[in-house]
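Visitor: Okay, here's what each chain looks like letter by letter:
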Amino acid sequence: MSSTRHQDTKELPSYEEALQEHERPPPYTPPLTGSIMASITRLSRDDPDPIYEDLNNVVDSTDFADVDHYNYDVLSNAVRDVSLDTDGSSKGIVTMVNLDQYAKPGKHTYTAIGLEGSANKLGVGIIRHNLGPLSQENRAQVLSNVRDTYITPPGEGFLPRDTARHHRNWVVRLIKRSMEEAGVSREELDCICFTKGPGMGAPLQSVVIAARALSQLWDLPLIGVNHCIGHIEMGREITGADNPVVLYVSGGNTQVIAYSNQRYRIFGETLDIAIGNCLDRFARTLKIPNYPSPGYNIEQLAKKGSNYIELPYTVKGMDLSMSGILAYIDQLANDLFKGNTSNKVIFNQETKEAQITVEDLCFSLQETLFAMLVEITERAMAHVNTNQVLIVGGVGCNERLQKMMEDMVLDRKGSIYATDERFCIDNGIMIAHAGLLEFRMGKRFELKDTVCTQKFRTDEVLVSWRD
Amino acid sequence: MSDHLVELAKSHLTNIPVSLISQGAESLIFTTTTHPYMETSDEGQQYIVKFRPPKKYRHPQLDAQLTKRRTLAEARLLQRLYGADGISVPSIIAVDARNGILWLEYIGQQIENGVSSLKNYLWLEDSKADYESLLRAVGDMIARLHQMGIVHGDLTTSNVMLQKHGSQWAPCLIDFGLGFTSDLVEDKAVDLYVLERAILSTHPVHSDNYNSWLMEGYKKGYGKDQGKFKQVMKRYEDVRMRGRKRSMLG
Chain A
1 MSSTRHQDTK ELPSYEEALQ EHERPPPYTP PLTGSIMASI TRLSRDDPDP
51 IYEDLNNVVD STDFADVDHY NYDVLSNAVR DVSLDTDGSS KGIVTMVNLD
101 QYAKPGKHTY TAIGLEGSAN KLGVGIIRHN LGPLSQENRA QVLSNVRDTY
151 ITPPGEGFLP RDTARHHRNW VVRLIKRSME EAGVSREELD CICFTKGPGM
201 GAPLQSVVIA ARALSQLWDL PLIGVNHCIG HIEMGREITG ADNPVVLYVS
251 GGNTQVIAYS NQRYRIFGET LDIAIGNCLD RFARTLKIPN YPSPGYNIEQ
301 LAKKGSNYIE LPYTVKGMDL SMSGILAYID QLANDLFKGN TSNKVIFNQE
351 TKEAQITVED LCFSLQETLF AMLVEITERA MAHVNTNQVL IVGGVGCNER
401 LQKMMEDMVL DRKGSIYATD ERFCIDNGIM IAHAGLLEFR MGKRFELKDT
451 VCTQKFRTDE VLVSWRD
Chain B
1 MSDHLVELAK SHLTNIPVSL ISQGAESLIF TTTTHPYMET SDEGQQYIVK
51 FRPPKKYRHP QLDAQLTKRR TLAEARLLQR LYGADGISVP SIIAVDARNG
101 ILWLEYIGQQ IENGVSSLKN YLWLEDSKAD YESLLRAVGD MIARLHQMGI
151 VHGDLTTSNV MLQKHGSQWA PCLIDFGLGF TSDLVEDKAV DLYVLERAIL
201 STHPVHSDNY NSWLMEGYKK GYGKDQGKFK QVMKRYEDVR MRGRKRSMLG
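If you read the sequences in order, they're chains A and B. Position 127, counted from 1, in the first sequence is what full-length UniProt numbering calls 127; the numbers after and before it change by one each time, with no gaps. Position 244, counted from 1, in the second sequence is what full-length UniProt numbering calls 244; the numbers after and before it change by one each time, with no gaps.
Pulled out of the complex, with its shape left as it was, chain B reads as follows (with noise of 0.2 Å):
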């Protein structure tokens, strides 16, 4: 990780301590126990700070546009998602978009392998009884936001975290950077061909199965809604066939 990166982040945030946890491909995370606005009176109380830092092989103008765009997007979706039914995703404290910076609620932990992500999780045994709940919740989840019009734009492993509800893991989707609103069959279809993808290069060996549990639970999220549920299928038969079809020469 690199360290002109952590000091620029830290000069947009004087005199708040961040400490860095991860790099993703296009922000670095930090967390930190200041509330941009309020006094915390909860001792230990973390929050994500998500910083999106200028990438130096872009043009400027490109990046200043792609980091603006993203991170208002990001915010407004956050937004527009935090306590809809059934849809778990971290609650937005503050914006800053110009800069890059999003102030987050804190979510998941560390397990044994990292981060608590979904792809962490699924990467630490072969099979675990509940993998298949899990799988079939985000389904589930990622059905809901689609019926609300919204579309993820990079369903992965790794952007679906797990929270600890007791004893049980919960999921929570994260990083809607490239998240954008439309009804459009075509885009939800895209958004699932996209996860399918992920799923069968991150797990490899048990693609299959991850991919019928998640098809599953995004059947059921569909609840009554079979007619919708059918459309988005067709299409997604189709842009697979697409993807798998593309003449390839070269």
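The following block holds chain A by itself, in its conformation from the complex (with noise of 0.2 Å):
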């Protein structure tokens, strides 16, 4: 390999070594009162809170010795699938579309590596598609899948310079990890896929520059993929979905998507922030940590919460509003922490004493996020005849609103399907996943045309590869 030209790579620590420099956030010490610090101090790695037991399955740079060949069994293990449906309409993809038009002749299979860079997460993955339609029994088969996630402070965001800066120090390393995991050399690749957007301008850059180097080294088409639907793709191909509704709820993203006409058409969003942008930012009101990442954090919190305090309630039609909800409840929250007795909410007016507790406004403010998620899915489901529902993106993840999902599945005698951390939070194997299913019906990208975009909407998109 040239490594000539590239002094930075030769330079570069092992993984193992750089995990050991690796900064982390400085420990956490509870700025807050009462009854948070208690759930605060056990969101710790080393703990064997058996909340905790399934997170040490996620593939993040801490761990890699936890990463595994993710093998047949192992990627029908994440389906979190709670199938209802007795009619068999679920029993696979089949499409009509011919995907092996641009086969390379005596050879059987095909091979992506996907580069995953749209907000602070760095994912890598390389999947391999065997000829002909997928199916059930001709499934994508995950070769590697490593993320490192960039962790700011409690009560700080990511900036996009950071974090820019964070996924240029560890491209080079996530891939070769990842090439290592997956035992795949470079001759065997077929196609090299990047984010293109939505996304944050500048982490999606040094991802596409990254891209771009690797092409130019080795030789291989590039191929620029819509991260929505990389989610969407992702997630159909994990659970066998066949035509659901999609919910895509991540930090910057909330739409209820649905296929036709060969598009993801979005028939119901945002009207200002995403629902993990809306749990993000109470998370830093509340200086809870950003690791392993807020919605987690709230999630745990949540549980522990039972006094439901009334919160606007803002659905629009099909589309729904969370800013006026965050602006209402941190009011709470500060209201809260400065011992604004006045607030009739929060203070008892003749003890003044709290009635309330920051777990509390945890569970008000989830129960009321998923119900008007919950309510707009059912109103797209209802309008689209379908009964069932995909959840993808990294608030997916939340257990919480997989079961409001199912509960309201249920009633409607549907099927939801849902994966888990691997897949919901972003990675790189979705994007070389969706970039190798444009790559196999003949999409080709100029080097010129390699560029990323902050906005891309998902209907934008040409599904060529469905009919």
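There's no promise every hint is true.
[Claimed, not checked] Below, a list of computed lysine-lysine pairs in the DSS-like style, where the Cα atoms sit at most 27 Å apart:
id, chain 1, residue 1, chain 2, residue 2
1, A, Lys-316, B, Lys-228
2, A, Lys-303, B, Lys-10
3, B, Lys-219, A, Lys-316
4, A, Lys-303, A, Lys-448
5, B, Lys-10, A, Lys-316
6, B, Lys-230, B, Lys-164
7, A, Lys-443, A, Lys-344
8, B, Lys-56, A, Lys-316
9, A, Lys-316, A, Lys-403
10, A, Lys-316, B, Lys-220
11, B, Lys-10, A, Lys-413
12, B, Lys-164, A, Lys-403
13, A, Lys-413, B, Lys-68
14, B, Lys-68, A, Lys-403
15, A, Lys-304, A, Lys-344
16, A, Lys-303, A, Lys-338
17, A, Lys-448, A, Lys-176
18, B, Lys-220, A, Lys-304
19, B, Lys-164, A, Lys-316
[To be verified] So these bits of chain A aren't anywhere near chain B, every CB distance computed over 10 Å:
id, residue
20, Tyr-102
21, Thr-109
22, Gly-183
23, Val-184
24, Arg-265
25, Arg-281
26, Arg-284
27, Tyr-308
28, Gly-324
29, Asn-334
30, Asp-335
31, Glu-350
32, Gln-355
33, Glu-446
34, Val-451
Treat the hints as calculated values from the structure; they're not laboratory data. Remember, it's a predicted structure, so these values are computed and weren't measured experimentally. Where a beta carbon is used, it is the ideal one built from N, C-alpha and C, also for glycine.
Build the complex from these two chains, which are given one at a time in their own frames, with help from the hints.
Guide: Below is the structure:
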């Protein structure tokens, strides 16, 4: 390999070495009072708390030992499929589109590497497709799926500039790691896929540059992928959902999507901020850790809340709005911390004692936001006459959201499909998968077209691989 | 459709025979031949019973509050709109807000692909002679609604029912559960935006035509009051840009 051109690469310490030195946020000291302390201190990685056990399986920089070679069985274990459907309408993805018209003669598989870095996660994944349409019998193989998350101290969000620097520092090591995991040499790769958008500009750019460099180095074609399409296609592949209504909920997106006429159409979406953004910002107000993710920590707090506080409920037709809710609950939290006893919602007016805890606030916020999400999803389902729901995106990991969705779908005698952290949270494998589908349909990018964009609507993409 | 919800509805409607005709997003629609407080003279006369079941996924407090609020809002708006000039809505017969039950006049009929909602009708064929006039009529009706200071809140093609008047279809607006009273230009513009998006996602192939017909009808509905129309349009453009321009991270 022309390592002379990449002196950078040569001087880098190995992944394990780097991990030792890798800066983590300083140990967390709870600034808050009362019951919140008890719950926060439990959020340590060494804690054998059962809630935490699941998380140890997440492919994250701190425990690469857990990264295994995903094979068939592991893949199907990832599916949390509450299939209530008895007529078998979810038997698999049957496509009539010929995906093999550009197959290289003599080759039986396609292999692609995907680079994702639209927000604070940097992910690299390698996927393999066999010839022929994808189905339950002919599933995509995940060869490797590694990720590193840029974590900021409590009370702070991730800034584009710092996130981009994180991606630049880690992308080479992650790619090496991922190739190693997969046991794939560069000769076996067919294409390099990268996130074209939507996302934050600076992080996107640093990943595109890495992808371009690789493409020049290895002489492989580049495929730009829409991030949302990546989530949807990976969700469909993992769960085997045939034609679901998709709820895409993450730090930057909140959309209800259904497929029709070769496009993923947006039925409803947020009119202002995204659900993950709303949760993240509330986590910042509470100054709870951003590790492993702010939303996860809110979820754990919410499990201990029980008092429901009335919050604004803003569903507008198929759309929803969350900024007002955030402003309101931020105000409540600030009043609670400052001890502003004139607030009648929080303080008992006679005893001047707080009747609401931080846990209650988290609980009420989740209940309200998720009820809105489930409601618009149900509207979309009624509108397009389907009874399958697929949840994708980082917030899709939230078990309360999954439970609420399941309750709704039960009443409609349908099925819900959700995946676990490996595929819900931004990852490289979904970019590789969606990119490979485009590649198989003959899509190629000129080098000059391999740019990224912050605004890239889900419905702008022609879904040529579905009929 | 879930049987326990149907049972629950029947438990609120003792001794009233009802049969389920459809399950919407938030309500079950039944038909019945019984009038709640009058002797029915006409044989075969049907009524609609709309039941908003409790949603298991919602917190009980939130659920009770939403059910009551929406049922009452719908009843109040239907009451205000009944008989209004140029607006057609089902008339209201009885309300039980706590249990989320509305008793309404029967609207629509069966067509080839289900009930005669505008959505189903537009899905019937690629183009029909009366699509244009129908959509113009819907636009006109929405304009009149807005002029009365009422915002529907959930304008989609499934919330417009069609009724046969002689050989002609005429639109009728239903489902005012998300409706409210407001004279703000913003609310009306968002109302139109919701409709535009619903058309775009439900009828993607002909959405341009459909939307322009709706808008022409909407313009006409303002009659001489074109100033108001222009204000709404100006805000409508802003709202559209807001939706498209929003940065999407993550």
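Visitor: Report the numbers of all earlier hints that the structure fails to satisfy, in ascending order.
Guide: The structure conflicts with hints 2, 4, 5, 6, 7, 12, 18, 19, 24, 27, although it agrees with all the remaining ones.
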